[in-house]
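Colleague: First to last, the sequence lines map onto chains A and B. Note that the numbering used here has the first sequence beginning at 1, numbered continuously upward. Note that the numbering used here has the second sequence beginning at 322, numbered continuously upward.
The reader is advised that the hints may include incorrect statements.
Said to hold, decoys possible - Okay, the calculated beta carbon distance ranges per label pair:
hint : chain 1 : residue 1 : chain 2 : residue 2 : range
1    : B       : Leu342    : A       : Trp266    : 37 to 47 angstroms
2    : B       : Val481    : A       : Lys136    : 19 to 29 angstroms
3    : B       : Leu484    : A       : Trp51     : 51 to 61 angstroms
4    : B       : Ala463    : A       : Leu12     : 25 to 35 angstroms
5    : B       : Val398    : A       : Gly226    : 26 to 36 angstroms
6    : B       : Val481    : A       : Gln37     : 50 to 60 angstroms
7    : A       : Gly47     : B       : Gly465    : 23 to 33 angstroms
8    : A       : Ser100    : B       : Ser421    : 35 to 45 angstroms
9    : B       : Ala485    : A       : Gln294    : 23 to 33 angstroms
10   : A       : Asp3      : B       : Leu438    : 34 to 44 angstroms
11   : B       : Leu438    : A       : Met36     : 55 to 65 angstroms
12   : B       : Leu352    : A       : Glu215    : 35 to 45 angstroms
13   : B       : Val398    : A       : Ala4      : 30 to 40 angstroms
If you're looking for bench data, these hints aren't it; they were derived computationally from the structure. Where is the CB? At the ideal position from N, CA and C, for every residue including glycine.
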Amino acid sequence: MNDALDVALRLLIVFVVFLTFPLIIGQTEHKVMAHMQGRLGPMYAGGFHGWAQLVADGVKFAQKEDVVPTGADRRIFQLAPAVALLPYLLVLLAIPIGPSEGAVGQVLDAGIFFVLAVMGVGVLGSLMAGWASANKFSLLGGLRTAAQLLAYELPMLLAAASVAMAAGTVSLPGILDAFEWWWLPWQIVGAIVFFVAGLAELQRPPFDMPVADSEIIFGAYTEYTGLRFALFLLAEYAGIVVLCGLTTVLFLGGWHGPWGADGLGWVWTLLKTAVLAFLVIWLRVTYPRLREDQLQKLSWTLLVPLSLAQIALTGIVKVVM
Amino acid sequence: MTLAASHGFLSPTGVEIAFLLVGLATFGAALVTVTTRQLVHAALWLVVTLGGLAVEYLLLTAEFIAWVQVLIYVGSVVVLLLFGLMLTKAPIGRSPDADSGNRWAALTVALAAAATLVWVVVDAFRTTWIDLDGPAEGSTRATGESLFQNWVLPFEALSVLLLAALVGAIVLSRKARADADEAGRARPNAGKADTDQADKEGAR
Numbered sequence: 001m002n003d004a005l006d007v008a009l010r011l012l013i014v015f016v017v018f019l020t021f022p023l024i025i026g027q028t029e030h031k032v033m034a035h036m037q038g039r040l041g042p043m044y045a046g047g048f049h050g051w052a053q054l055v056a057d058g059v060k061f062a063q064k065e066d067v068v069p070t071g072a073d074r075r076i077f078q079l080a081p082a083v084a085l086l087p088y089l090l091v092l093l094a095i096p097i098g099p100s101e102g103a104v105g106q107v108l109d110a111g112i113f114f115v116l117a118v119m120g121v122g123v124l125g126s127l128m129a130g131w132a133s134a135n136k137f138s139l140l141g142g143l144r145t146a147a148q149l150l151a152y153e154l155p156m157l158l159a160a161a162s163v164a165m166a167a168g169t170v171s172l173p174g175i176l177d178a179f180e181w182w183w184l185p186w187q188i189v190g191a192i193v194f195f196v197a198g199l200a201e202l203q204r205p206p207f208d209m210p211v212a213d214s215e216i217i218f219g220a221y222t223e224y225t226g227l228r229f230a231l232f233l234l235a236e237y238a239g240i241v242v243l244c245g246l247t248t249v250l251f252l253g254g255w256h257g258p259w260g261a262d263g264l265g266w267v268w269t270l271l272k273t274a275v276l277a278f279l280v281i282w283l284r285v286t287y288p289r290l291r292e293d294q295l296q297k298l299s300w301t302l303l304v305p306l307s308l309a310q311i312a313l314t315g316i317v318k319v320v321m
Numbered sequence: 322m323t324l325a326a327s328h329g330f331l332s333p334t335g336v337e338i339a340f341l342l343v344g345l346a347t348f349g350a351a352l353v354t355v356t357t358r359q360l361v362h363a364a365l366w367l368v369v370t371l372g373g374l375a376v377e378y379l380l381l382t383a384e385f386i387a388w389v390q391v392l393i394y395v396g397s398v399v400v401l402l403l404f405g406l407m408l409t410k411a412p413i414g415r416s417p418d419a420d421s422g423n424r425w426a427a428l429t430v431a432l433a434a435a436a437t438l439v440w441v442v443v444d445a446f447r448t449t450w451i452d453l454d455g456p457a458e459g460s461t462r463a464t465g466e467s468l469f470q471n472w473v474l475p476f477e478a479l480s481v482l483l484l485a486a487l488v489g490a491i492v493l494s495r496k497a498r499a500d501a502d503e504a505g506r507a508r509p510n511a512g513k514a515d516t517d518q519a520d521k522e523g524a525r
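Based on the provided sequences and hints, a complete structural model is requested.
Modeller: Laid out in structure tokens, this is it:
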């Protein structure tokens, strides 16, 4: 196939995934949360069990007036949603879903560093939004976002470093090629640390005090309306896709499965990602929000030591074997 | 020398042109960073500058260094900077007092440093060309091998330096607390409030 066409096709597929998967997870969240709380959730839009609810929401958001507060820093206020959203699109490019060469948007030599670095940039969007809104609640939300990122970036990196040590490479397809089933119990602590730290970085419950609606309205996004607000919400759900996909690739073996890894590897990847996404939704319904100091304590006194212990364990097993 | 002979400065390749353009953009962003009167804008222009540098690394095939640059500087250092700005004073709009009387001294030092660096780099690498068609010379493997085979001692020395900085930061934050405790004992009535304050600072 022509090179340019190949690249265009890959970009198009990644873009379509980027636009549809977050919506699917959002709709699942509506329905799963509703059923866990003894409700039905959306039932009317689109006819069958309200499948078109998020499409309707999108149309509603697009019709709303795009308000910029008078006291706000106009340009940064308007730029912030893009800065929050685009990094997740870039990260999707690097996540492999199948065993063959063609099953990843772009093979990167330093894949782990790329995904973690670019995910960290997304938080700048929340910071910009929080500062530029000229609103005390927004500023508080931005501050909490920054504090949370600083606390959780470290355990996340350390957990990812443990996998890289185990595989002897920092390329995501390379890690999957080296994967064996017994890595699962070996790296399980790192997996949990990575997943929890990722949840905190996405500001998902129970780590959602940057947007705690009962305390600071909606944190950094308080002043946003219409399409820009929808973009922030989309960024959150795209973040779930990326986090679950990354956890799958790094710790759960991606396309490896008990059978059918050759032709149906991508099904395993999607299945594992979907189960993790369900877990994210489940956690939201189950746990109350942590307080700011509890969140910091959890990271510095539990997650960081655990991830260091995981690195030590990985090192010992690597040397002994 | 043989490679250098086959490359001329007057027939640039696409990569060289891109390198130059990104370099100009980065330089412009760096200028705005130090001249803008809006504090938070300066921090955000710093993001553009550091990002531009990462792109330059990428164009020089140093992929690993580029992503680490984004991870450490854009993802952590600038976030810390913004956090500090928001925590203290970050007004929207211009800050008339956000200027320094040392501007000319700073310019002189910056120009001298830039001249030294350009001279050293040009002198050392004038005849070195990167072969873009071969295996990437800045790949993670190549970087790791040269770091842990040829440069282990500086690497370890740097880690000791960072450890010393870490210990120093802890000692400094503890010292404030100990001082406050002594002050609290000297004035029994005011002691309670002082230790509370010190506790908060220690926790920070």
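Colleague: Is the gap between the beta carbons of valine 481(B) and glutamine 37(A) within 50 to 60 angstroms?
Modeller: Given range 50 to 60 angstroms: holds, Cβ gap about 55 angstroms.
Colleague: Quick check: does the Cβ-Cβ distance between leucine 342(B) and tryptophan 266(A) fall within 37 to 47 angstroms?
Modeller: holds, 39 angstroms
Colleague: Verify the CB-CB distance for leucine 484(B) and tryptophan 51(A) against the hinted window 51 to 61 angstroms.
Modeller: Given a distance of about 56 angstroms, which is inside 51 to 61 angstroms, the answer is holds.
Colleague: Per the hint of 25 to 35 angstroms, is the separation of the Cβ atoms of alanine 463(B) and leucine 12(A) within bounds?
Modeller: About 33 angstroms separates the Cβ atoms of alanine 463(B) and leucine 12(A), which means 25 to 35 angstroms holds.
Colleague: If I claimed the Cβ atoms of valine 398(B) and alanine 4(A) lie 30 to 40 angstroms apart, would that claim hold in this structure?
Modeller: holds, 37 angstroms
Colleague: With 35 to 45 angstroms as the target window, see if leucine 352(B) and glutamate 215(A) comply at their CB atoms.
Modeller: holds, 41 angstroms
Colleague: May I ask you to test the hint 23 to 33 angstroms on the CB atoms belonging to glycine 47(A) and glycine 465(B)?
Modeller: At 57 angstroms between Cβs, range violated.
Colleague: At the C-beta level, are alanine 485(B) and glutamine 294(A) separated by a distance inside 23 to 33 angstroms?
Modeller: holds, 32 angstroms
Colleague: Return holds or violated for the Cβ distance of valine 481(B) and lysine 136(A) against the range 19 to 29 angstroms.
Modeller: Because 44 angstroms falls outside the window, the suggested range is violated.
Colleague: Given a hint of 35 to 45 angstroms, does the C-beta separation of serine 100(A) and serine 421(B) actually sit inside it?
Modeller: violated, 57 angstroms
Colleague: Within 55 to 65 angstroms: is that where the Cβ-Cβ distance between leucine 438(B) and methionine 36(A) falls?
Modeller: holds, 60 angstroms
Colleague: Honestly, do valine 398(B) and glycine 226(A) meet the 26 to 36 angstroms range at C-beta?
Modeller: holds, 33 angstroms
Hint compliance for this structure: hints 2, 7 and 8 are broken, all remaining hints hold.
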